[in-house]
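Kindly produce the complete structure, drawing on both the sequences and the hints.
Each chain, written out:
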Amino acid sequence: MLYRENGQFKTTYQADQQIFPIAQDRWGVLLLIAFAFVGVPFLVDEYMFRAILIPFLILSLASLGVNLLVGYCGQITLGAGAFMAVGAYAGYNFLIRVPEMPVLGAILLGGATAAAVGIVFGVPSLRVRGLYLAVATLAAQFFWDWAFLRIKWFTNDSPSGNVSVSNLNVMGFEISSPLSKYIFCLSVLVVFGLAAKNMVRATIGRQWMAIRDMDVAAAVIGIRPMYAKLTAFAVSSFYVGVAGALWGFVHLGSWEPAAFSVDRSFQLLFMVIIGGLGSIMGSFFGAAFIVILPIFLNQFLPVLGALFGMEISTATVSHAEITIFGALIVFFLIVEPHGLARLWSTGKEKLRLWPFPH
Amino acid sequence: MKQLKKLAIAASLAAALAGGLAAPQAFAQAKEQYFPILVYRTGAYAPNGVPWANGFIDYLKLVNAKGGINGVKISFEECETGYATDRGVECYERMKGKNGGATMFQPLSTGITFALTEKAPNDKIPIITAGYGRSESQNGAVFGWNFPLIGTYWMGADVLVQHIAKKEGGFDKLKGKKITLVYHDSPYGKEPIALLQERAKMHGFDLSLLPVAHPGVEQKATWLQIRQNKPDYVFLWGWGVMNSTALKEAQATGFPREKMYGVWWAGAEPDVKDVGEGAKGYNALAMQHGAEPNAKVVKDVLAMVHGKGQGTGPKEEVGQVLYMRGLISAMLSVEGVKKAQERYGKGKVMTGEQTRWGLENINLDQKTLDAMGFGGVMRPVQTSCLDHMGSAWARIHTWDGKKWNFTSDWYQGDEKVLRPLVMLTSGKYAEEKKIKPRTPEDCKK
Numbered sequence: 594m595l596y597r598e599n600g601q602f603k604t605t606y607q608a609d610q611q612i613f614p615i616a617q618d619r620w621g622v623l624l625l626i627a628f629a630f631v632g633v634p635f636l637v638d639e640y641m642f643r644a645i646l647i648p649f650l651i652l653s654l655a656s657l658g659v660n661l662l663v664g665y666c667g668q669i670t671l672g673a674g675a676f677m678a679v680g681a682y683a684g685y686n687f688l689i690r691v692p693e694m695p696v697l698g699a700i701l702l703g704g705a706t707a708a709a710v711g712i713v714f715g716v717p718s719l720r721v722r723g724l725y726l727a728v729a730t731l732a733a734q735f736f737w738d739w740a741f742l743r744i745k746w747f748t749n750d751s752p753s754g755n756v757s758v759s760n761l762n763v764m765g766f767e768i769s770s771p772l773s774k775y776i777f778c779l780s781v782l783v784v785f786g787l788a789a790k791n792m793v794r795a796t797i798g799r800q801w802m803a804i805r806d807m808d809v810a811a812a813v814i815g816i817r818p819m820y821a822k823l824t825a826f827a828v829s830s831f832y833v834g835v836a837g838a839l840w841g842f843v844h845l846g847s848w849e850p851a852a853f854s855v856d857r858s859f860q861l862l863f864m865v866i867i868g869g870l871g872s873i874m875g876s877f878f879g880a881a882f883i884v885i886l887p888i889f890l891n892q893f894l895p896v897l898g899a900l901f902g903m904e905i906s907t908a909t910v911s912h913a914e915i916t917i918f919g920a921l922i923v924f925f926l927i928v929e930p931h932g933l934a935r936l937w938s939t940g941k942e943k944l945r946l947w948p949f950p951h
Numbered sequence: 027m028k029q030l031k032k033l034a035i036a037a038s039l040a041a042a043l044a045g046g047l048a049a050p051q052a053f054a055q056a057k058e059q060y061f062p063i064l065v066y067r068t069g070a071y072a073p074n075g076v077p078w079a080n081g082f083i084d085y086l087k088l089v090n091a092k093g094g095i096n097g098v099k100i101s102f103e104e105c106e107t108g109y110a111t112d113r114g115v116e117c118y119e120r121m122k123g124k125n126g127g128a129t130m131f132q133p134l135s136t137g138i139t140f141a142l143t144e145k146a147p148n149d150k151i152p153i154i155t156a157g158y159g160r161s162e163s164q165n166g167a168v169f170g171w172n173f174p175l176i177g178t179y180w181m182g183a184d185v186l187v188q189h190i191a192k193k194e195g196g197f198d199k200l201k202g203k204k205i206t207l208v209y210h211d212s213p214y215g216k217e218p219i220a221l222l223q224e225r226a227k228m229h230g231f232d233l234s235l236l237p238v239a240h241p242g243v244e245q246k247a248t249w250l251q252i253r254q255n256k257p258d259y260v261f262l263w264g265w266g267v268m269n270s271t272a273l274k275e276a277q278a279t280g281f282p283r284e285k286m287y288g289v290w291w292a293g294a295e296p297d298v299k300d301v302g303e304g305a306k307g308y309n310a311l312a313m314q315h316g317a318e319p320n321a322k323v324v325k326d327v328l329a330m331v332h333g334k335g336q337g338t339g340p341k342e343e344v345g346q347v348l349y350m351r352g353l354i355s356a357m358l359s360v361e362g363v364k365k366a367q368e369r370y371g372k373g374k375v376m377t378g379e380q381t382r383w384g385l386e387n388i389n390l391d392q393k394t395l396d397a398m399g400f401g402g403v404m405r406p407v408q409t410s411c412l413d414h415m416g417s418a419w420a421r422i423h424t425w426d427g428k429k430w431n432f433t434s435d436w437y438q439g440d441e442k443v444l445r446p447l448v449m450l451t452s453g454k455y456a457e458e459k460k461i462k463p464r465t466p467e468d469c470k471k
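Those sequence lines, one after another, are chains V and R.
Here our numbering is used: the first residue of the first sequence is 594, the next is one more, and so on.
Here our numbering is used: the first residue of the second sequence is 27, the next is one more, and so on.
Not one of these hints is a red herring.
In silico DSS-like pairs for lysine-lysine, Cα to Cα no more than 30 Å straight-line:
| no. | chain 1 | residue 1 | chain 2 | residue 2 |
| --- | --- | --- | --- | --- |
| 1 | R | Lys-203 | R | Lys-306 |
| 2 | R | Lys-372 | R | Lys-124 |
| 3 | R | Lys-393 | R | Lys-364 |
| 4 | V | Lys-745 | R | Lys-460 |
| 5 | R | Lys-374 | R | Lys-322 |
| 6 | R | Lys-246 | V | Lys-745 |
| 7 | V | Lys-745 | R | Lys-462 |
| 8 | V | Lys-745 | R | Lys-145 |
| 9 | R | Lys-454 | V | Lys-745 |
| 10 | V | Lys-745 | R | Lys-256 |
| 11 | R | Lys-256 | R | Lys-192 |
| 12 | V | Lys-745 | R | Lys-442 |
| 13 | R | Lys-429 | R | Lys-334 |
| 14 | V | Lys-745 | R | Lys-227 |
| 15 | V | Lys-745 | R | Lys-204 |
| 16 | V | Lys-745 | R | Lys-203 |
| 17 | V | Lys-745 | R | Lys-459 |
| 18 | R | Lys-334 | R | Lys-57 |
| 19 | R | Lys-256 | R | Lys-199 |
| 20 | R | Lys-201 | R | Lys-227 |
| 21 | R | Lys-201 | V | Lys-745 |
| 22 | R | Lys-429 | R | Lys-274 |
From the derived model, a few chain R residues whose C-beta atoms are all more than 12 Å from chain V:
| no. | residue |
| --- | --- |
| 23 | Lys-92 |
| 24 | Asp-391 |
| 25 | Lys-428 |
| 26 | Lys-429 |
What follows is a set of in silico ranges between Cβ atoms, one per label pair, in the way DEER data are often shown:
| no. | chain 1 | residue 1 | chain 2 | residue 2 | range |
| --- | --- | --- | --- | --- | --- |
| 27 | V | Trp-739 | R | Gly-402 | 42 to 50 Å |
| 28 | V | Leu-731 | R | Glu-458 | 27 to 35 Å |
| 29 | V | Ser-759 | R | Pro-466 | 24 to 32 Å |
| 30 | V | Gly-898 | R | Gly-97 | 24 to 32 Å |
| 31 | R | Glu-244 | V | Phe-863 | 18 to 26 Å |
| 32 | R | Asn-320 | V | Met-694 | 53 to 61 Å |
| 33 | R | Gly-97 | V | Arg-743 | 49 to 57 Å |
These are calculated hints, taken from the structure and not from any lab test.
Using N, Cα and C, we set each Cβ at its ideal position, and we do this for glycine too.
Here you go:
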């Protein structure tokens with residue numbers, strides 16, 4: 594009744610091709626963004642900003658990047674953590690080695706470096722695919738873990754391999770309070786999200802999807818696999834690299850290679866799988882699921898125990914957290930193998946027919 | 027399927043409701059000194075994290091049983107980090123503002139310490155890292171909020187070199203000796219390298235570095251290299267399962283355990299228990315204390331906490347090495363609060379900033395320590411604004427197959443070697459971060 598496109602006539606090609614053809618969707622998304630910028634800062638406290646929202650925004654960006662590669666182009670990667678690390682460490686080096694380097698410039702150059710590295714490590718995708726490619730990208734993970742631990746130059750000869758940045762300043766605004774960090778990450782995410790949404794609707798995105806669905810057929814109709822695959826690697830790594838730089842600069846402030854270990858790569862891949870392969874929306878769902886749920890469980894279980902007069906020990910909470918989290922992953926994958934994004938669109942379909950389903 | 031879905035929706039709704047309702051009232055206590063405790067009772071490092079946490083909490087319970095800090099009761103809460111930096115940061119953010127503000131944080135992880143070092147000055151909460159953390163943070167002028175009380179890794183490494191020199195018959199005898207450092211490949215394991223390199227330059231011994239990747243169960247290649255190189259001594263900078271694995275590998279390759287020296291995090295019962303006889307002769311640094319089942323404070327804990335059925339963890343572990351480490355860490359934090367109360371009002375709840383002043387002015391002489399039940403456990407501690415370590419003494423203990431025994435005299439870390447390194451590294455940090463070091467006048471504030 595409420596959510597229906599009846600009566601919305603498209604009279605121009607422009608209207609037909611816009612990102613959200615249904616007015617309700619369009620307004621909904623705009624309202625959501627406006628709320629995120631204006632409403633959220635009044636509603637949440639510092640803990641929400643620092644511990645939940647900022648990590649959520651940054652990992653959404655990373656999972657968006659991984660989704661472009663895995664979900665849209667069909668190239669499985671297990672090296673996302675490494676590209677995050679490259680983004681963070683490259684950004685750090687640009688920041689300290691180039692005089693007068695602006696922070697935003699360092700972050701974007703970090704992303705660009707990650708893109709270049711992504712192309713190099715994407716070359717095997719021209720020969721191998723599927724699980725074999727996953728193993729090849731795992732090499733990136735191990736190589737960069739090794740490089741940032743061993744090659745002193747990358748960490749500016751810090752005795753323990755730990756680097757840190759501070760006094761961030763973006764275009765005259767100091768990025769130190771939780772609110773400013775949140776707004777900064779949100780702005781980056783909105784720009785990158787919009788770009789991603791448009792990319793996957795454009796030539797390049799269609800090429801990626803053609804390659805994903807059947808690369809031989811795609812080659813026959815004139816899509817160059819090398820170009821399509823390597824651009825997917827480059828764009829994806831750029832996104833992931835920028836996310837890595839934000840993770841280091843804005844979220845942690847001080848980091849070591851362990852912050853981008855192989856666990857991070859798995860985490861990002863799971864986000865994409867649970868959220869929904871080949872869906873922009875799914876990247877956000879996946880990130881929310883993986884970032885927020887464990888923290889929620891961790892805080893909620895003791896409260897639940899207290900309700901029933903039980904004191905649950907820290908260790909039990911932690912074990913229960915992992916168990917429930919794992920069970921929920923299995924549950925969602927059984928209920929909806931195409932990820933949370935598919936649940937979302939099923940919901941929208943149902944809403945269209947509501948209240949008279951046939 | 028439909029029912030399942032409904033069930034899931036109902037459950038999640040109920041969960042959200044209950045969470046929203048119950049969260050505010052769960053922690054409403056006034057006039058209590060709030061100690062947030064970052065622990066890891068799960069994960070690869072849990073065997074070592076658990077006794078530490080138990081000791082820490084038991085001491086706080088003991089203080090409460092004795093009437094609190096000048097009447098102020100301590101409230102405490104655990105948060106599980108699993109030794110992961112991002113979870114540690116989340117815990118810190120969650121707990122820092124609770125119950126009137128955190129008194130201090132003890133992350134028990136060098137990685138988390140690095141992350142919190144950036145955050146603590148803004149929140150004005152001291153970070154106590156008794157026996158770990160970054161060594162240059164001893165310089166309180168630059169690291170105003172870090173307290174590596176009674177031990178840093180540079181000090182520890184320095185003592186190890188001194189001990190070996192003494193065994194060999196003088197520093198000049200170290201020339202040409204081969205020392206291998208087997209270390210956990212993380213900021214923690216890398217900390218001693220700077221000092222060992224400095225010492226290697228001074229005395230002409232040959233230092234080789236062998237990293238072991240997290241979590242440390244794969245060391246075959248490392249020990250193969252040791253068998254080929256035949257070093258005179260092996261220093262072990264491990265944590266958790268890495269330590270027992272190293273000892274097993276040493277046994278398998280036939281490297282004499284008598285020539286192995288661990289840091290104080292590689293010298294506790296969980297490290298050697300599984301290896302048993304195979305670890306006989308293995309030495310480790312004792313961060314002042316060893317296993318102290320006979321100390322008075324331990325007897326107090328057994329009587330006043332465990333005796334009343336309120337103990338944390340198994341009774342048999344009370345007084346073990348890592349338990350004592352946690353207990354002493356808690357004691358130092360409590361003493362910081364106590365000292366702060368002397369200045370800011372006895373019987374009041376101290377803020378993080380006031381606690382920092384207390385921690386900077388800790389002065390525990392032997393008489394006070396004996397009275398508190400720490401006689402024979404540790405030596406006097408005196409901190410200052412510029413020296414956040416407070417004591418540079420350590421000794422060596424050796425595993426005899428069943429228990430740890432002290433096998434050396436006390437050593438003091440050599441200021442002539444440590445100080446320049448601390449000043450140089452902390453100076454570099456201050457420059458990078460544009461921190462203006464505090465002057466003695468600033469300290470009085």
